[in-house]
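Participant: Let the sequences and hints guide you as you build the complete structure.
This note's numbering puts the first residue of the sequence shown at 136, with every later residue one more than the last.
No lab work stands behind these hints: they were computed from the structure.
Ideal Cβ placement from N, Cα and C applies to all residues, glycine included.
Please note that a few of the clues may not be correct.
To be verified - Label-pair restraints from in silico Cβ distances: (1) Phe-205 x Gln-182: 30 to 38 Å; (2) Arg-185 x Phe-205: 32 to 40 Å; (3) Gly-224 x Arg-185: 28 to 36 Å; (4) Arg-183 x Gly-140: 33 to 41 Å; (5) Ile-190 x Asn-138: 29 to 37 Å; (6) Arg-185 x Gly-232: 18 to 26 Å; (7) Val-184 x Phe-205: 18 to 26 Å; (8) Glu-237 x Thr-166: 16 to 24 Å; (9) Pro-139 x Val-184: 20 to 28 Å; (10) Tyr-207 x Asp-187: 34 to 42 Å; (11) Asp-156 x Glu-196: 32 to 40 Å; (12) Ser-170 x Glu-237: 18 to 26 Å.
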Amino acid sequence: MLNPGQLRERVTIETPTETVDAYGQAVRTWTDAMSRWAYVAPLRLAQRVRADTPITQQLFEITMRMEPGFDYEQPLRVRWRTRTLEVVGARIDHERGLVTLEVRGEYGR
Numbered sequence: 136m137l138n139p140g141q142l143r144e145r146v147t148i149e150t151p152t153e154t155v156d157a158y159g160q161a162v163r164t165w166t167d168a169m170s171r172w173a174y175v176a177p178l179r180l181a182q183r184v185r186a187d188t189p190i191t192q193q194l195f196e197i198t199m200r201m202e203p204g205f206d207y208e209q210p211l212r213v214r215w216r217t218r219t220l221e222v223v224g225a226r227i228d229h230e231r232g233l234v235t236l237e238v239r240g241e242y243g244r
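Facilitator: In structure tokens, the structure reads:
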């Protein structure tokens, strides 16, 4: 059971909007959908090399109160502190009214 006192991190959920620029190219912009108090827990930290550049990948689990009617299966991203994180999975607990998002962020050096 999640203690309400654990919801101490402020996160903003963003949804994508696709538009077409003057050259006919698709452009994705992100719009704030909602802000919630959440519990953020680190899951894993991995380091690898991409194109001779060290990359650190962090996985987190973000648990928050569910917004009824919101589609958590669509592409989403989360802003938390100074990070922008990609949502890679969502688990919805209708009984307790909670949603848990698995998110990932990559950072180069």
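Participant: All hints are to be evaluated individually against the structure, with a verdict given for each.
Facilitator: Hints versus structure:
no.: 1; hint: Phe-205 x Gln-182: 30 to 38 Å; in the structure: 34 Å, holds
no.: 2; hint: Arg-185 x Phe-205: 32 to 40 Å; in the structure: 33 Å, holds
no.: 3; hint: Gly-224 x Arg-185: 28 to 36 Å; in the structure: 22 Å, violated
no.: 4; hint: Arg-183 x Gly-140: 33 to 41 Å; in the structure: 36 Å, holds
no.: 5; hint: Ile-190 x Asn-138: 29 to 37 Å; in the structure: 35 Å, holds
no.: 6; hint: Arg-185 x Gly-232: 18 to 26 Å; in the structure: 39 Å, violated
no.: 7; hint: Val-184 x Phe-205: 18 to 26 Å; in the structure: 37 Å, violated
no.: 8; hint: Glu-237 x Thr-166: 16 to 24 Å; in the structure: 22 Å, holds
no.: 9; hint: Pro-139 x Val-184: 20 to 28 Å; in the structure: 42 Å, violated
no.: 10; hint: Tyr-207 x Asp-187: 34 to 42 Å; in the structure: 37 Å, holds
no.: 11; hint: Asp-156 x Glu-196: 32 to 40 Å; in the structure: 36 Å, holds
no.: 12; hint: Ser-170 x Glu-237: 18 to 26 Å; in the structure: 19 Å, holds
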